Amino acid sequence: MDSESRAFEAPVEATLTGTPLRCPQTMTAQPLVPWTMGRLLMAFLMALISVPGQLAPAVINRRRA
Amino acid sequence: MPDIAPRRWLYLFLVLASTVAAVTQMAGVLQFDGFTIREVGILGLFAILFAWIASSFWLSVFGAWARVNKVNLLPLKPAHEPSAARTAILMPVYNEDVGRVFSGVRAIWESAGPDFDFYILSDSTNPANWVAEELEWQKLKHELGEAAHIFYRHRPRNTGRKSGNIQDFCENWGQLYDYMVILDADSLMTGKTLTQLVGLMDANPRAGLIQAPAQLVGRHSLFARIQQFSSSLYGPIHTAGLAFLQGPDGNYWGHNAIIRVHAFMQHCGLPRLPGKPPFGGEIMSHDFIEAALLRRGGWDVWMAPDIGGSFEEPPPTLLDYLIRDRRWCQGNLQHLRIVFAQGLALPSRLHLAMGIMSYVSSPLWLLLLIVSVVDMMSYKAPPPASYIGLQPSLPFYVSHSAELVILVLATVVLLYGPKLLAVIALLESPESTRAHGGTRPVLMSAVWEAIFATLIAPIVMLQHSWYVFSILMGMATGWNVQTRTDRALPLMLVARKFAPHTVIGLVATILLWRYTPGSFNWFLPLLAGLWLAIPLVLFSSSPRLGEWMRKDRLFLVPSETRGSKVLGRAHALAKSHQAEPVRAELVLEDARVRDLHLALLADTVLPPVDPLKLWSLRERVRRGDTAAFSRDDWALFLSDPEGLKALP
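Chains A and B, in that order, give the protein sequences. Heads up: the first sequence is residues 1 to 65, going by my numbering. Heads up: the second sequence is residues 1 to 648, going by my numbering.
Hints listed in this document are in silico derivations from the structure and should not be mistaken for laboratory results. Be aware that one or more of the hints could be misleading.
Label-pair restraints from in silico Cβ distances [what the hints assert, rightly or not]:
{"no.": "1", "chain 1": "B", "residue 1": "81", "chain 2": "A", "residue 2": "25", "range": "27 to 33 angstroms"}
{"no.": "2", "chain 1": "B", "residue 1": "35", "chain 2": "A", "residue 2": "33", "range": "39 to 45 angstroms"}
{"no.": "3", "chain 1": "A", "residue 1": "33", "chain 2": "B", "residue 2": "602", "range": "40 to 46 angstroms"}
{"no.": "4", "chain 1": "A", "residue 1": "33", "chain 2": "B", "residue 2": "483", "range": "55 to 61 angstroms"}
These numbers were taken from a predicted model, which means no experiment stands behind them. Built from N, CA and C at the ideal position, the CB exists for glycine as well.
Start from the sequences and build out the full structure, keeping to the hints where you can.
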């Protein structure tokens, strides 16, 4: 058998390894949460609440100035 | 970097404008006696499908324009210095032809040199393949010497399929590398291309992935040679159009791409979708999702349409092509659950939607045809007037032939226009024309390709429609090994697989001839493909016919006329690899094979197994009773270091 004979023209190394040493680090599964009507509505409501909240300090500062 | 927003707006405008024009024309035809619900349905389907082919047409027009005007399609900083980055080249394999895999690896290594580390990441479940891969790896290491960093890893369980295989690499060795190049079992890339890709990644630290579009090469059957020619002729304007419009919002096609490892590790861990396959479970078509996740993470995804030196092989027959499409169809339909995922960039959603539409368009075409025919069949001509003069409204026939001819012509232009543009773009370059065999062979081949594509289109439409229907019904497919070698298909197999298409064609012919004889001729191109399904698939699978066409200078591609060093080397190595098939029993019979296997097994993280089952297998091996070992039995025993060490 060709592969077999050619593979062993040199002896198998005593410390033969197929790969370098492992450096483990896990990959975290990423969220793939789809938009639903409920989530869209919630995001819209959050924007309605948070955007004026973010703008308010700027408006107050401008009035003070 | 040029602002790509104006191009995108222009593209959107052109697609919408042509669709609106066609739909208006169609509405004019349908509304002469008021709209029925069926006609509204026809109009809706027509609008969707016309927009779909218009988007493809305008993409090609943009691509041809970019080519003719020599637009820089990869506006990245060029690399100047030799790279100090570490790059791993990954070859995931799953029960592939071992000789071919290792011939490819060796050819790429010889072209790329020792600066790259190679990983053969085996997920093979066939024990004979597993043992053969180990032997080939040992042989390759011995022949290439110490300079070659070629690693081999076998996973006992192929969790997550190809994406799980790559993830396993990243989680164990990813931190050792800056970049990884993903290959497929039939992929080849030149050293020059690999070095260029590394340089581009070095010089452009925001680039997370660069896709090097692969040219289809290396097969000899008529079907494959037509695919190769078609991809070589039409691919450049298609990829140019994509690159021109997508910019850094590109896509990933699963292989022949370089990826920044830490970006991938940070953003591309794939979740299991809730529920069962086909829509739940592991994400099958992971590549589009990984590109979308990289974009979501703020990394650029580019396509390098002109980089060259990137190759893959097409399926050898239409049957193999359709088998592969079953898996791709399921993978793309699964994206229905992801296309509206939060945080994805709009172009990423468009990539996903276009992938879905490339399969869903088939049942939509079929539905449009069926509804149109039913509408024609149910049309009742108004009764002749029995008297005139006092009749308040006289019935009269209105011919819509002119509008219909315009619509058909528009559709023909959209379908065949890109092919014509590609031929013109090719003939503009004398060098490219010569590489495809010369002007006359290019024109002849393009005509024959168009005829062949037209004839197989209804076969593919029916098959895709069945795939979509079966997937929607909850039928999932597995992960089968792809056929990658030329083979003339046996008549009985083809007859069995394509008899339904022929029967559908014949039944449709009878119905159309009987009920809509006036419109019969319009359906001829569709029906002809179905009548000829069996001979088309049979003859196009023939390597002899493919060779005959090659001698006649038809469907020639640059890799055949000019050759390619890496391709030639890989094919020569594969040809010279005439080893007898390796059996799993070799591990029992040959102590050296067993030692090698055990040494490699020491690196493997083994899953827990049923000790009783293992004990039973050890006993059977001890008695020499392995004749009835199943594939799973062998896989289990080969994963048992204790049992193997105990062998005499």
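Tested hints:
no.: 1; hint: B:81 / A:25: 27 to 33 angstroms; in the structure: 29 angstroms, holds
no.: 2; hint: B:35 / A:33: 39 to 45 angstroms; in the structure: 40 angstroms, holds
no.: 3; hint: A:33 / B:602: 40 to 46 angstroms; in the structure: 41 angstroms, holds
no.: 4; hint: A:33 / B:483: 55 to 61 angstroms; in the structure: 38 angstroms, violated
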